[in-house]
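K.L.:
Position chain B with the ligands against the provided structure of chain A, taking the given hints into account.
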Amino acid sequence: MSRYDVNGRLYAAEPQPGECLRSFLRSLDVFGVKKGCDAGDCGACTVHIDGKPFHSCLVPAFRGDGCKITTIEGLAETGEWHPMQKAFHDAQAFQCGFCAAGMIMTAVTFTDAQRADLPHALKGNLCRCTGYRSINDALHGTCNIEPDVAGNALGASLANPFTSEILTGRARYTMDIAVANLLHLKVLRSPHAHARITGIDRSQALSIPGVVAVYTWEDVPKRLFSSALHEDHLVDPDDMMLLDDVVRFVGQRVAAVVAETEAAAEAGCRALEVEYEILPAVFDPVVAMQPGAPQLHAKDHLSNSGNIFCTLAGEIGDVAQGFAEAFAIHEQTYSTTRAQHVHLETHGSIAWKGADNRWHVRTSSQAPFAAQKKLAYVMGIPARDLHVFTERVGGGFGGKQEMVSEDLVLFATIKLNRPVSWEWTREEEFIAATTRHQMTTKVKIGARKDGTITAMDVEVVSNTGAYGGHGSETLGAAMASPIAAYRCKNKKGIGHAVYTNMTPAGGFRGYGASQTTFAIEQAIDELAVLLGIDPFAMRRRNVVMPGDNIESIWQEPSDASFGSHGIDECLDIVERELAKGNGIVKPEGADWLEGQGVALAMLECGPPTEHRSGAEMRLLPNGTYHLACGSTEMGNGITTAHKQIAAHILGTRIEDIDIINADTDRTPYDTGTFASTGTVVGGKAVHLAAEAMMADILAFASRHTGVALDQCRLDNDAVFCGNRRLSLSELHAAGTAVDHRFSVNRRAYLSPRTIAFNVQGVRLAVQRVTGEIRVLHSVHAADIGKPINPMQCRGQLDGAVAMGYGWALIENMVHDDAGRMVNPQLRNCRIPSFADTPHTDVFFANTIDAIGPLGAKSQGECGINPVAPAVANAIANATGLRFAHLPFTPDRLFARLAAHS
Amino acid sequence: MNRFDYIRPATVSEAVAAASVPGSAYLAAGTNLIDLMKGGVVRPERLVDVSHLPGLDGIEHFPDGGLRIGALVRNADLAHDADFAARFPAVAEALLSGASPQLRNAATVGGNLLQRTRCAYFYDVASACNKRTPGAGCDARGGQTRLQAVLGWSEACIATHPSDFCVPLVALDAIVEIEGRSGRRDVPLESFYRLPGDTPERESVLEAGELILAVRLPGTAAAFAGHARYLKVRDRTSYAFAIVSAAAALQIESGRILQARLALGGVALKPWRTRAAEDSMAGEITGPDTFRRAADIALADAQPSGDNAFKIELARRIVVRALSQAAVGTPKRMPALPASPFAAVSGAITYV
Ligand SMILES: Cc1cc2nc3c(=O)[nH]c(=O)nc-3n(C[C@H](O)[C@H](O)[C@H](O)COP(=O)(O)OP(=O)(O)OC[C@H]3O[C@@H](n4cnc5c(N)ncnc54)[C@H](O)[C@@H]3O)c2cc1C
Ligand code: SF4
Ligand code: FES
Ligand code: FES
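Listed in order, the protein sequences are those of chains A and B. Numbers 1 to 901, taken from my numbering, label the letters of the first sequence in order. Numbers 1001 to 1352, taken from my numbering, label the letters of the second sequence in order.
You may find that some hints are simply not true.
Stated by the list, open to error - In silico contact screen, one side only, chain B against chain A (beta carbon under 7 Å); selected entries:
{"id": "1", "residue": "Thr1031"}
{"id": "2", "residue": "Ser1100"}
{"id": "3", "residue": "Pro1101"}
{"id": "4", "residue": "Gln1102"}
{"id": "5", "residue": "Ala1106"}
No lab work stands behind these hints, which were simulated from the structure alone. Backbone N, C-alpha and C fix where the C-beta goes; we use that ideal spot for every residue, glycine too.
In isolation and in its complexed conformation, chain A is listed as follows (with noise of 0.2 Å):
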């Protein structure tokens, strides 16, 4: 038997053989060691093995033995937090925390040379929420917090609440927990891009030692569903099944395995003999649009419509007098790529059945709510039945707005009565989960000699892939607001959301306005040049104002509206702060050219569809609070916003203020976190159920005291009934006493919605030898009203910004013409590391928003939108040539360049 010392503690077991020092420290119940890629690339297993960082993932566990193991929970042994774990916290160095063990770990290491050259020293680490800024921040020890004073909290920059959980590997992600008798699910994914099953033989696959249950199309409820999730369940197609005897794409699950441990699943699931019939696949939309493309789904019998899953169209003036007023005009395609979100920690979900005959579902999801009237519907089983919770989530991003890993543990659970697991492998991530919408859009646009735009015009074709699931929801969002922006009489547009045989697409931070922006914005920018105007004075003149119509291209009545409007004090910091610069002159010789970009967007706050949150307040005894709100926290750091907006009505500190959230039993009804709806409405719910709290506290202490209530008033931890004081607690007893139980509950829906922007300015340097690009100065400006907690508002922006340059930048999904990835590792598909990450200055519009509550407005997605054409827009003016096509990688952008002589 080998002996491992683990933090101080030593064991005597045996791994695996194969094991990996993650997966065996995991086995331990050590769960602070995290898994974000299992292939050396990520760094969230970082561990240390005799004082020096390692990816715990590559090392063999057998490694271990004997040597001493470190990891983020025997860093403060002595129960003194080390000072880089105190580093994280005061510059609270993480929104989502998956990454955190593993940055720490390794930065604990650093020498003063390695801290002195982060981008280096940080290669082996990825976080995907943070952008780096605060990281950053903490390896130079700055402080980003205040301190937590009741009556302050509006506005203050508050730490996250569950700082020192994530920090000290306590904090309980979605895996991170041991279940008794649990039994692991593996998918067998298909091969083909499309194909029918024509038969699976399970023999071989039951005969492996530990494989316990094999589930193929024939065994599963014959439900047509979405994997989407929405309020309105219509918006989105039903044409998916948990186990379908077609696959659609490269990925698509054929069969599910169910063993003992994941390596028997696994086993079993290689030893699956399926027979296929290849269907011809499609992968072009375009192509799909034709008649005699192959199909992908028969269920359209009424409208015959073929691929084309939904087409949104409309136009209002008349363009083609609008070009004729013209007096330039610009016509180009534009298109964009697939991304995948990358949240750190994989979709994974665990099933039982509980004590209470009821079943469980443990998940990484942003929307349980949805998930559990979902699940209820497919297992055809009442929704009071099943439990749909989170704890701690590592990254949405938009990518959990979909149910892909909780339908099948819960099938099996039932099926088998035993604890199911399923967690993904970054692998899956690629090829399986939804990906943001690939678009190709059209763009005409005139203008009369002074910049006035006369026209637009717009063509959208959207890959939704083989499923439908947001596909005409990104498609609405394409077609609204990036149009919406500007003030012009004469707009048209139609749009397609077109199926194939790719991987299906989802919601993504942007949800299909980044893709249409990518190209307004350049258009825009094309037109300024052909008119000899510059860029800002050209977006100044037509961008929306109070007063104009808020529309794109249709004139339906819409409940958007200016709640604030800080568009032209935005574009006023970018222009200001691109012309003072910041002293970093591009690298020296005419290999490198020099340009910069601009690029707005502007962002309705909430879905057009609906959207529902409910909050629940209770005093407490010892007269603090309980919160309790249905959305979810992902990294978006809405605990902390719905805190701060509690603990400011009552004039409390939050730390008075304890919150669960996103739990189908133990919270109210919210619609999903996602669309922007954490602060406009999640918020206003708590906003709502706090004055409730308040009312219902000072209407009992007036009854109480016999004191006239407008005598009464609350003061933190007590009530003020004209001269006496009574504390909370006094008060709860009191309360007790003749069962008054200081509870409250009150839903939110959002409507009006109010209007955000964003701004972004880039100058960078593009290498003429090489076609690289290097971002000399990066300016981010949002009106977003008043910020709950600037701190993590900034946060956002930051880590939006940073997505923004990955996308635009880095991150490129590479499928061959069989319709498979060729790179679903992190190693091949990248998304940007510390080195990739330019520093953004960022800025906040002074508004204050007359809708959102408290005056604040959304702001989790908006800030990636204006950041690829703003790219794009400075390479065009660096280079003098215009790029249309995302992503911008050396290759691509060399050829075009002009030798170096």
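P.N.:
Using the frame of chain A, we list chain B with the ligands on its own:
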């Protein structure tokens, strides 16, 4: 991962004997091998763990300026050895441009030499790959070829060798010390790898059971220390394998090149040394004309293996730039972001 026997020999000869049994593989740090085994790409029946073998983890310096690097020396330890970095700066720069600190702490010199190609089809067990399964065919042909070879490839395999480390090593005449059942032998790194031909599964001259003991750099190679650079173009500034890379080393006297060394990475199934290009520079003055001519010669035989003609032109440009950087002189301090084209020609770089 498949089941396998695990053997931990105490001496080199025990290791060689154990690994001579068919189906065996040496395990060093495992950063490449374990990853391949997890994916089912390779399935050795027995792992012979060499990580504890004595005497293979030192760096020996010779009086003539040459040195001998044990096969188990960690990539990080080598790169940060001040003496080594001073004498062979381009090698240190190449090492630091690869992988991440956590990986370099683990990865060994021997493992780096023998790391397998990063060809995506080799990694994907559902694809046909002659290297993985001889005779199965090659799905990379006609597939995604952005990162595939433009030199020395064959119909059977168009993959590239991924190592950064080996590129300056081959330019500087490194020798590989090998121990096998029939004793010890030295093989110049330049002839250590095989081109794919019809047998892409055979990657090096190693026979079954042969173990790399060390890599030697001759004292003459240290004479290039003043003018040696490694330059790597990658999709992401940090942490990515090279699309194309170049190691350039010069000896210069009053503006004239006495001797030049040049090797390319990311273009072939081995680190590609180009002696004709080196010879063309001898006696010439440093400058764009000389360098461009050398680049043309270096790539004269290049052929796209698919949709990757861009790599040929990119490689030419990288050669010119690496030589220009080398001519200016090795920077005093290792540049932040080693081997990055973000550096100015002089090597000065301030990262923000
Ligand atoms: C995410 C990631 C990124 C990377 N990026 C880069 C990069 O940018 N540039 C770069 O150059 N490298 C890169 N690498 C590769 C890394 O450098 C290699 O994985 C490492 O050098 C292999 O060393 P090892 O000791 O772990 O070898 P192992 O994985 O143990 O072995 C690799 C192979 O060598 C054989 N072997 C090992 N030692 C010997 C010996 N002494 N004699 C005979 N055979 C032996 C093994 O049998 C095996 O076939 C990266 C690796 C990863 C995982
Ligand atoms: S190029 Fe070589 S390694 Fe890649 S699939 Fe073809 S044979 Fe295999
Ligand atoms: S899980 Fe080990 S590096 Fe990603
Ligand atoms: S906080 Fe770094 S990945 Fe989420």
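K.L.:
It remains to establish, for every hint, whether it holds in the given structure.
P.N.:
Verification of the hints:
The closest approach between the C-beta of B/Thr1031 and any C-beta of chain A is roughly 5 Å, which is under the 7 Å cut-off, so the hint is satisfied. Taking 7 Å as the C-beta cut-off, the interface hint given for B/Ser1100 holds, the closest approach to chain A being about 3 Å. Given hint, B/Pro1101 at the interface with chain A, holds; its Cβ is 6 Å from that chain's nearest Cβ, closer than 7 Å. Proximity of B/Gln1102 to chain A holds as hinted, the smallest CB-CB distance being about 4 Å (cut-off 7 Å).
Checking B/Ala1106 against chain A: minimum C-beta separation of about 5 Å stays under 7 Å; hint holds.
When the structure is compared with the earlier hints, no violation turns up for any of them.
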